[in-house]
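Kindly generate the complete structure, drawing on both the sequences and the hints.
Residue numbers (my numbering), protein chains in the order written: chain A, 800 to 1077; chain B, 3 to 188.
Derived from the structure by calculation, the hints contain no laboratory data.
A portion of the hints provided could be inaccurate.
[Claimed, not checked] Label pairs and their calculated CB-CB ranges:
1) B:P70 <-> A:A1057: 48 to 58 Å
2) A:A1013 <-> B:L46: 50 to 60 Å
3) B:S88 <-> A:R818: 37 to 47 Å
4) B:M5 <-> A:R837: 17 to 27 Å
[As the list claims (entries may be wrong)] A few chain A residues that don't get close to chain B, going by computed Cβ distances all over 10 Å:
5) E825
6) V863
7) G877
8) I929
9) S977
10) D1016
Bear in mind the structure is a predicted one, so any value in this text is a computation, not a measurement.
Cβ atoms here follow ideal geometry from the backbone N, Cα and C, with glycine treated the same way.
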Amino acid sequence: MRILDTKEIANCVCRLALRAGRRLSEDCVNALTFARNRERGASEFALSTLLENAETASRLQLPVCQDTGMSVVLLRIGQEVLLCGAPLQDAVDDGVRRAYAEGYFRKSICDPLTRANTGDNTPAALHTEIVPGDQIQIDYLPKGFGSENMSRLVMLTPAEGRAGVLSTIVETVRLAGSRPCPPVFVGVGIGGSFDGCALLAKKALLREIGSRHAREDVASIEREALEAINNLHIGAQGFGGTVTAIGVACEIAPTHIAGLPVAVNIQCHCVRREREVI
Amino acid sequence: MEMNRIRLPLGETARILRAGDCVLLSGTIYTARDCAHRRLFELLDAGEPLPFPLRDAFLYYAGPCPAPQGMACGSCGPTTSARMNSFAPRLLDLGLGGMIGKGEMNEETRRALIRNQGVYFAAIGGAGALYGSAVRKCECVAFPDLLSEAIYRMEVEGFPLVVAIDSRGNSIYSEKTSNGIRSIHS
Chain A
800 MRILDTKEIA
810 NCVCRLALRA
820 GRRLSEDCVN
830 ALTFARNRER
840 GASEFALSTL
850 LENAETASRL
860 QLPVCQDTGM
870 SVVLLRIGQE
880 VLLCGAPLQD
890 AVDDGVRRAY
900 AEGYFRKSIC
910 DPLTRANTGD
920 NTPAALHTEI
930 VPGDQIQIDY
940 LPKGFGSENM
950 SRLVMLTPAE
960 GRAGVLSTIV
970 ETVRLAGSRP
980 CPPVFVGVGI
990 GGSFDGCALL
1000 AKKALLREIG
1010 SRHAREDVAS
1020 IEREALEAIN
1030 NLHIGAQGFG
1040 GTVTAIGVAC
1050 EIAPTHIAGL
1060 PVAVNIQCHC
1070 VRREREVI
Chain B
3 MEMNRIRLPL
13 GETARILRAG
23 DCVLLSGTIY
33 TARDCAHRRL
43 FELLDAGEPL
53 PFPLRDAFLY
63 YAGPCPAPQG
73 MACGSCGPTT
83 SARMNSFAPR
93 LLDLGLGGMI
103 GKGEMNEETR
113 RALIRNQGVY
123 FAAIGGAGAL
133 YGSAVRKCEC
143 VAFPDLLSEA
153 IYRMEVEGFP
163 LVVAIDSRGN
173 SIYSEKTSNG
183 IRSIHS
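Okay, here's the thing in structure tokens:
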């Protein structure tokens, strides 16, 4: 048994949020560089501007994008850890609150009906898993809403099968057009329940861009979806071109005999995510 | 890359710009997003004056991050313009020179741009740090209670933009034939 004060989780979330807001993930920089070298005209201009922006953000320690997002936090908590101190959600929110004040990040969280801003970017969207061991893995993903707004969840029939999954993914990106800041990274959940499917899609966004699922039938959906999306020729910022998506990552879970849920979570080209194990 | 530098107010340049042109824009712009637009329309409906002169002005669909010490503005990239489709035509008809945002705008907005010789520029979504560091002065001119959604007057220098819909109604999103860098000063 390891006893851990949730203050340590708060401090870690604060560190991760500050880092994530100010830099693109390395796999994202590589993907954007690859895309820029393939495009011409306004699309090349857009991608060059984005790479220059990432350098400016790092040099001036500014948020890469002004939409510093809704704080999505995934904790994988070893079952031999005993948490003490402030309640877990409070601790995570405390980390977010401090980072958004200290980093001059935009506070973007509000009441859905009155639209009154909570003023400190809390609450975070907190997901927890209990796993073996005595450590905690913390994933931090600040999620912008230009792309979140373009995400979809569809309850397909089992008969629609693999082809239905593929067309759902591609159609979601087509419908989104230029609005989610392409080139996008596409996280897909296949199976599970209604709620679990959406979470699978979110977790897929934590995978490295370009990585492939261990199951070959799932990996083949990732490959085919990426090719079909890039044949849409929406391009960077919707300016046309051959790179509409920099990656497609699918996660899969068993579902009910009557259903085939598919969730497509769109991530803009500003892929920011940080991980630490404490 | 030799870029076309242009300055606001656009004057005759508005007619020369073509969809797909890449430019560096300098001058005075005003930020406004969803909530600020709703307030502007309340003022218009009540017959009250607007907090800034609309004639030839450019709206920037953006909500900046707070400014760190020593900077005029924090990160400040564009937000999705489509959400402002219900507002843009009326403002263009009242004299607005054009808008800066990201992504497509609808047919009503495109027609209003043609009608009023306006221009819609696409800023590069996600390049918040670059745009923020190109803001030389930033001052809140209305609705400070809206925080990042308030209206700010900004003096900007060298904003990297692409002409998305030109004054003839050509759109980079429908043409898919970006011509990129061509000299507009020759």
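What are the numbers of the hints that this structure violates, sorted from low to high? Violated hints: 6 and 9; rest satisfied.
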